[in-house]
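Novice: Keeping the supplied structure of chain A fixed, place chain V upon it in accordance with the hints.
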Amino acid sequence: MRSLLTATFLLTAAPALAGVNDVIRDHALPGTARFASATAALDAAAQANCTDTALRPAYQEAFDAWMGIAHLTLGPLEEDGRGLAIAFWPDTRGMVGRSVARLVAEEDPIATSGEYAEVSIAARGLFALERLLYDEDFAGYGAESYSCALAQAMAADLAVLGREVDTAWREDFATTLSSAGEAGNSRFLSPREASQALYTALATGLEFVADQRLGRPMGSFDAPKPQVAEARRSGRSLRNVVLSLEALRDFARTLSDQPTPETDAAFDRALTAARGLEDPIFAGVADPISRIRVEALQNDVRAISEAVGTEIAPALGVSVGFNSADGD
Amino acid sequence: MRLKATTAIALITFAAAPAFAQDKAEVLGTYADIAQAGYEDSLTTAQTLQAAVETLIATPSAEALQAAKAAWLAARVPYQQTEVFRFGNAIVDDWEGKVNAWPLDEGLIDYVDASYGGETDENQLAVLNVIANPSFTLGGEEVDATEITPALLEGQLHEAGAVEANVATGYHAIEFLLWGQDLNGTEHGAGNRPWTDYAAGDDCTGDNCDRRGQYLKAATDLLVSDLEWMASQWAEGGEARAAVLADEDAGIDAILTGMGSLSYGEQAGERMKLGVMLNDPEEEHDCFSDNTHNSHYYDGLGVRNVYLGEYLRVDGRVVSGASLSDLVASADASVDEDLRAKLNASMVELGQIKTAAEAGFSYDMMLERGNAEGEALIMGAVDALVGQTRAIERAVTALGGDEIAFEGSDSLDAPEAVFQ
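Each protein sequence line maps, in turn, to chains A and V.
Heads up: the first sequence begins at 1 in this note's numbering, then just goes up one per residue.
Heads up: the second sequence begins at 1 in this note's numbering, then just goes up one per residue.
If we strip away everything but chain A, and leave its shape as in the complex, we get (with noise of 0.2 Å):
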């Protein structure tokens, strides 16, 4: 018993904090304040015009600011399931395209009325308005049409929502992990807690580009999926992988408060895979010969999983916690 005790407590004492206020500081708020900034444009853009076309630019940069905070899945995008909101993807259920349709068949007046947030989440968000400006069922309508001024909505629902985060980060959640361990901090006990909390995202956000953006698309060698591509409709799939990579790439080394040559290199890797690919929505997938490559980026992240799980995760002296994506 003692000698467990006392090994539980050298693993805790090492310091772990350095990171986290790195994370806060230079990865999260800008992050949330780009994604805060990018959603209000898309909000002005749509009141101004609320056709595809002309909605297109602006709902782009949305969506790669999104990028830039999607794996931040603690806190205020945990909460009151923001997350899912801005960005109900897998939707394994083609619950997205149903509800969307069913609004605009029935002309539902929640588009209207001000209080676009009650609809379900399949209806929010960067998802359902991807259906309005890009897909053929949708895209098209006029600018007197219901479609634009559920287009409309949706923007300004997602501009709240990108509010919400951003200011919910800066003013709340920045001092709760970096109160770790102070007394009155009941969610994270120690400053180790708030390292293992933002080690946990990490790790799943690298789970999510293996499993999730390249591994839902390529099903099996038998049955690929090309067709359940993530953001397919506005061309973004691969774009989502580059992003994603990117952004925690920046995670990871301001997470970590010492050089981590082997993680830089398996990111390099894996970016250099993914900008080489040439396959925008993953199409290729269904393909034999260009499959191959698409499996390639699937190994080349999961190398990246592994360099961070040997070398950032041992210097903070955390493991991977619980997380979301556990459970089917």
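Just so you know, these hints were derived from the structure itself, not from any lab.
Among the clues, some could well be false.
To be verified - Taking CB as the label site, the calculated pair distances span:
no.: 1; chain 1: V; residue 1: R317; chain 2: A; residue 2: R187; range: 50 to 56 Å
no.: 2; chain 1: A; residue 1: I292; chain 2: V; residue 2: D247; range: 34 to 40 Å
no.: 3; chain 1: A; residue 1: Q47; chain 2: V; residue 2: A74; range: 34 to 40 Å
no.: 4; chain 1: V; residue 1: G118; chain 2: A; residue 2: A283; range: 21 to 27 Å
no.: 5; chain 1: A; residue 1: E278; chain 2: V; residue 2: H188; range: 53 to 59 Å
Unchecked claim - From the derived model, a few chain V residues whose C-beta atoms are all more than 10 Å from chain A:
no.: 6; residue: Q47
no.: 7; residue: Q50
no.: 8; residue: G117
no.: 9; residue: G139
no.: 10; residue: C204
no.: 11; residue: N279
Each residue gets a CB set at the ideal place from its N, CA and C atoms; glycine is no exception.
Specialist: Here is chain V on its own, set in the frame of chain A:
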């Protein structure tokens, strides 16, 4: 319903004293005993269901259908308490998709309402309707479904096209065949399949009553044989018991992984929070029968059972012994006290959902868009489960420092083998 968790927490004991090792063996013994009793209870209650189904098919009547439904509901009580064994025990996780897969695209199995829709991006077989079609093509090959047999369900239909929503077997397929689709939306009310869907001759409604009966029998027989197999894996000499007892640290790790993964990602996240945010009654775990409140309640109870080392069997007997709680308490009493308090708090919150549902405020009503009371009830339980998960993480830390087992694979086959 396959496990996609690719992380696990592996405990590395640095220098455990011999007495401590003895405790761990006893704790693991209790854990395996509870698993064995839970699967045995699941088996006997499924056999009762099997008998009720045979009566329904032989002599269809409203009473016979009702008796089968009652048997299904009773069978869920012990089974849900075993869900805590899924995560962390590869042998359970690899198997459980056969018996408890959810959610399902029920149009694969039988007739559905027009509002159900057709094929989706994700599932080209969403409206296959095997009961109405004695032959069809699957992945380019002609399938002979003249006889609906356990082999057909298990071998060809289940997860057809590698789509997880193609659930052809298990509790929820049977649930659909007994209750039918719940077409009440977020209004009160469960599925309302008429008993005449199993009637002979001209009384038959919904067409193909004989094939529907064949399907129901095949699925129920399969459930019984699958549960029989799993119960034997946990008995003395069984593979699941041996795996847990083989390595004490990995065994303790399996208990904690199961508790944390079920509490957080699975129950709080996937099953409860997502449902309330989608406002979708189909997101109920037991959506045809409106039994979701019990499903959640007994999942929570299962987590508490394995921590406290105590399980109340369906016949009233109690299985108990040395517990993980004892082990954690001897490492850090305050961590144990906190975790026990959090487990109890979750049971109170889950109990409130159950109480409200049984009094008429059913789970699908709680999911309605803008229903603040329902959302508060469900989110109260979600928050309690999230709090419970943090306490479980603290128990992991208290039990002896930790090392990461971060797997790059899709299973929990050998978390202890990574990074050692």
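Novice: None of the hints should be skipped; say for each whether it holds.
Specialist: Checked hints:
Checked against the hint of 50 to 56 Å, the pair R317(V) and R187(A) fails, with Cβ atoms roughly 41 Å apart. Restraint check, I292(A) to D247(V): a C-beta distance of roughly 37 Å satisfies the suggested window 34 to 40 Å. Hint check: Q47(A) to A74(V), Cβ distance near 57 Å, so the stated range 34 to 40 Å is violated. Here the CB-CB span from G118(V) to A283(A) is close to 23 Å, well matched to the stated 21 to 27 Å.
As the Cβ distance of E278(A) to H188(V) is approximately 54 Å, the hint placing it in 53 to 59 Å holds. With a least CB separation of 28 Å from chain A, Q47(V) remains clear of the 10 Å interface cut-off, as annotated. For Q50(V), the non-interface assignment is confirmed: its Cβ lies about 27 Å from the closest Cβ of chain A, beyond the 10 Å cut-off. Chain A draws G117(V) into its interface by the beta-carbon criterion, the shortest separation being 6 Å against a cut-off of 10 Å.
Against the 10 Å criterion, G139(V) falls within the reach of chain A, whose nearest CB is about 8 Å from its own CB. Residue-level check passed: C204(V) sits 31 Å from the nearest beta carbon of chain A, beyond 10 Å. The claim that N279(V) lies off the interface is violated: its Cβ sits roughly 4 Å from the closest Cβ of chain A, which falls inside the 10 Å cut-off.
When held up to the earlier numbered hints, the structure conflicts with 1, 3, 8, 9 and 11 and fits the remainder.
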